[in-house]
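Residue numbers (the working numbering), protein chains in the order written: chain C, 1 to 490; chain B, 1 to 165.
Check before you lean on any hint, since a few could be wrong.
[Said to hold, decoys possible] Think about it this way: if two alpha-carbon atoms lie no more than 20 Å apart in a straight line, the pair counts; the simulated SDA-like pairs of lysine to any residue are:
1) C/Lys-56 <-> B/Asn-56
2) C/Lys-265 <-> C/Leu-279
3) C/Lys-265 <-> B/Met-118
4) C/Lys-56 <-> B/Glu-152
5) C/Lys-99 <-> C/Ser-425
Keep in mind that the hints were calculated from the coordinates and are not lab data.
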Amino acid sequence: MSGRTLLWTLGKSGWTKRLHEGFSGCGKAFLSSSSPKVCIVGSGPAGFYTAQHLIKARQDVAVDIYERLPVPFGLVRFGVAPDHPEVKNVINTFTQTAKHSRCSFYGNVNVGKDVSVVELQQAYHAIILSYGAEGNRSVGVPGEDLAGVYSAKDFVGWYNGLPSCQELSPDLSCETAVVLGQGNVALDVARILLCPVDVLKQTDITQPALEALAQSQIRRVLIVGRRGPMQVACTIKELREMVNLPDSRPEMVAADFEGVTEALKDLPRPRKRLTELMLKTAVETPGEKEQRRRASASRVWGFRFFRSPVEILAEPGRGRAAGIRLAVSRLEGSGEGARAVLTGDVEDVSCGLVISSIGYKSLPIDPTVPFDSRRAIVPNSNGRVRQATGLYCSGWLKTGPTGVIATTMNNSFDTARSLLEDMDSGTLDVSAAKPGSQSIGALLEKRGVKAVTFSKWEKIDSVEMRRGEACGKPREKLLSVEEMLKVAQT
Amino acid sequence: MALVAAVRRLAQVSLREYSRKRTAVSWGGRLAAGRSLTSGTHALRSDNKVTVHFINRDGEKIAAKGSPGDSLLDVVINEDLDFDGFGACEGTLACSTCHLIFDDEVYKKLGPVTDEEMDMLDLAYGLTETSRLGCQICLTKSLDGMVARVPESVADIRQTKDEAS
Numbered sequence: 001m002s003g004r005t006l007l008w009t010l011g012k013s014g015w016t017k018r019l020h021e022g023f024s025g026c027g028k029a030f031l032s033s034s035s036p037k038v039c040i041v042g043s044g045p046a047g048f049y050t051a052q053h054l055i056k057a058r059q060d061v062a063v064d065i066y067e068r069l070p071v072p073f074g075l076v077r078f079g080v081a082p083d084h085p086e087v088k089n090v091i092n093t094f095t096q097t098a099k100h101s102r103c104s105f106y107g108n109v110n111v112g113k114d115v116s117v118v119e120l121q122q123a124y125h126a127i128i129l130s131y132g133a134e135g136n137r138s139v140g141v142p143g144e145d146l147a148g149v150y151s152a153k154d155f156v157g158w159y160n161g162l163p164s165c166q167e168l169s170p171d172l173s174c175e176t177a178v179v180l181g182q183g184n185v186a187l188d189v190a191r192i193l194l195c196p197v198d199v200l201k202q203t204d205i206t207q208p209a210l211e212a213l214a215q216s217q218i219r220r221v222l223i224v225g226r227r228g229p230m231q232v233a234c235t236i237k238e239l240r241e242m243v244n245l246p247d248s249r250p251e252m253v254a255a256d257f258e259g260v261t262e263a264l265k266d267l268p269r270p271r272k273r274l275t276e277l278m279l280k281t282a283v284e285t286p287g288e289k290e291q292r293r294r295a296s297a298s299r300v301w302g303f304r305f306f307r308s309p310v311e312i313l314a315e316p317g318r319g320r321a322a323g324i325r326l327a328v329s330r331l332e333g334s335g336e337g338a339r340a341v342l343t344g345d346v347e348d349v350s351c352g353l354v355i356s357s358i359g360y361k362s363l364p365i366d367p368t369v370p371f372d373s374r375r376a377i378v379p380n381s382n383g384r385v386r387q388a389t390g391l392y393c394s395g396w397l398k399t400g401p402t403g404v405i406a407t408t409m410n411n412s413f414d415t416a417r418s419l420l421e422d423m424d425s426g427t428l429d430v431s432a433a434k435p436g437s438q439s440i441g442a443l444l445e446k447r448g449v450k451a452v453t454f455s456k457w458e459k460i461d462s463v464e465m466r467r468g469e470a471c472g473k474p475r476e477k478l479l480s481v482e483e484m485l486k487v488a489q490t
Numbered sequence: 001m002a003l004v005a006a007v008r009r010l011a012q013v014s015l016r017e018y019s020r021k022r023t024a025v026s027w028g029g030r031l032a033a034g035r036s037l038t039s040g041t042h043a044l045r046s047d048n049k050v051t052v053h054f055i056n057r058d059g060e061k062i063a064a065k066g067s068p069g070d071s072l073l074d075v076v077i078n079e080d081l082d083f084d085g086f087g088a089c090e091g092t093l094a095c096s097t098c099h100l101i102f103d104d105e106v107y108k109k110l111g112p113v114t115d116e117e118m119d120m121l122d123l124a125y126g127l128t129e130t131s132r133l134g135c136q137i138c139l140t141k142s143l144d145g146m147v148a149r150v151p152e153s154v155a156d157i158r159q160t161k162d163e164a165s
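Only chain C is shown next, with the shape it has when bound in the complex (with noise of 0.2 Å):
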């Protein structure tokens, strides 16, 4: 594009561009059809924080997010324990972005479905891919079908009001609850099924799962792990919640702890402090209030280490959960690489309720794009995917599903400057017009897909949060897409 032609092309879009944009939450930027087009496929922390740093690092980027539910936010929404509602602050800067005059959303689009990678990469210059974790790793054991087994995954998206597990219905008459798993999603877990309903009542649960809660039985959860309390994935704020959990006491094995006070001197102070606690908690004769406290909880909760499952084991002619079977195993080597060998001493457990904590998992969505299966990421370097071009991912499809809101980010950051690098160099040609939404959005409107728009989530929102007010809540979620759109649609 000759110098002449490239300023009046800007000149012409700068006047428009100052027209329409600036105003924030009304009207978007009209842009010159030759400024780069992004594309990102998920709307959750990494969609929005790879948008953040796109939007913000060059003037001429517009972003468009699509999600496949009618809601924004992801694990923000979804997966964010409703006890902890500070960490669902980010939700006003994502919120920011998304009224940015340069940036779109568009929900209830089904990328893979509804629109395929092919058809977007035509539309746009990049599509950066983050649409996260949606399977969970399976224990692989017998039993694992019975009733009364759920992924973390289901029964966290269950609490949180997913619309696709609304239908869990987790049967909680029992007394006692096996989580297995050590990291902060089951302690989450075990949390909300021990926490005193006075307290969930007042937070964003759903009501179905509140009242299933109201009527649990559930008075003891063992927090099973195949290592020790060295290699636990749990950090120490979420530890301390338990310990401080109203009407709660610990109870754990204290011979799982031998060798564990020598060892703490040597531990970087994260791990040091997060094992104190632990063995605190587990083996120190506590002062004369925490005894009576602990003496008059109705309920208990417990680390079990060196248990590996191998078997859920069924109620005589019934096709539910009854016990789990656990083999023991020990540690052979030391800190973050120990490993579990099994010594063939195996125990079994009562239980009604196994929830397996080990992991979610990303998926293919569309068979155009790179995906180790093995991984279960799609193979990138620094968020450009492998034998690919213009195609990039952030958050945990990158990396694989750990860490927290803050990791996330700053893995979306990196991606984001992979992306402008490209553009910058010239590996990502972005001189050619693309027609981006235009184009896309026709193609919708053609099958039949209704966007839904980010004012339009704002209805959701407003509905959701008057519905709350009126129970005492932040917000009375919405439980179906159903729902969802026609309140969009109103």
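Fit chain B to the known structure of chain C by using the hints.
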């Protein structure tokens, strides 16, 4: 262009006000008059200002002013310092993105660290013995001229010659 820029800044300001109000609420209503963005209030009390020098991730030194009682996160937000990803949870001790590093002398003046702050600080990348969370440090006159370094939030693989596979 100026009008548009001004309107946009107003919009940003109103959104910041919103998030700062949330911070105030979460601190149990610790509403300091000094939080107002109107320069009028500040001008009247200009002798009460505390200067903080931030060293950003590029090594640049940026001087900023705040009022006693403001947290370092407040200063970063009020002065529009724009450090990438800083203060994600808006000062509610639910993340570690306002991680700042101080020299020994200043660190000693910052006061005790609660367990809750330490718990989140433990998750910060590049944690040091003189690290704190900016949302928990409140300005006092005795901290005037303090230096706070914004550390890297992640290991930048680009800094190494070999590309990670």
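Below or equal to 20 Å on CA atoms is what counts here, so check C/Lys-265 against C/Leu-279. holds, 14 Å
Is the Cα-Cα distance between C/Lys-265 and B/Met-118 20 Å or less? Between C/Lys-265 and B/Met-118 the Cα gap is close to 18 Å, so the pair holds against 20 Å.
Do the alpha carbons of C/Lys-99 and C/Ser-425 lie within 20 Å of each other, as the hint requires? violated, 29 Å
Compare the distance between the alpha carbons of C/Lys-56 and B/Glu-152 with 20 Å, and conclude whether the hinted pair is satisfied. Within the cut-off at roughly 19 Å; holds.
Keeping to a limit of 20 Å between CA atoms, is the pair of C/Lys-56 and B/Asn-56 held or broken? holds, 17 Å
Of the numbered hints given earlier, the model fails hint 5 alone.
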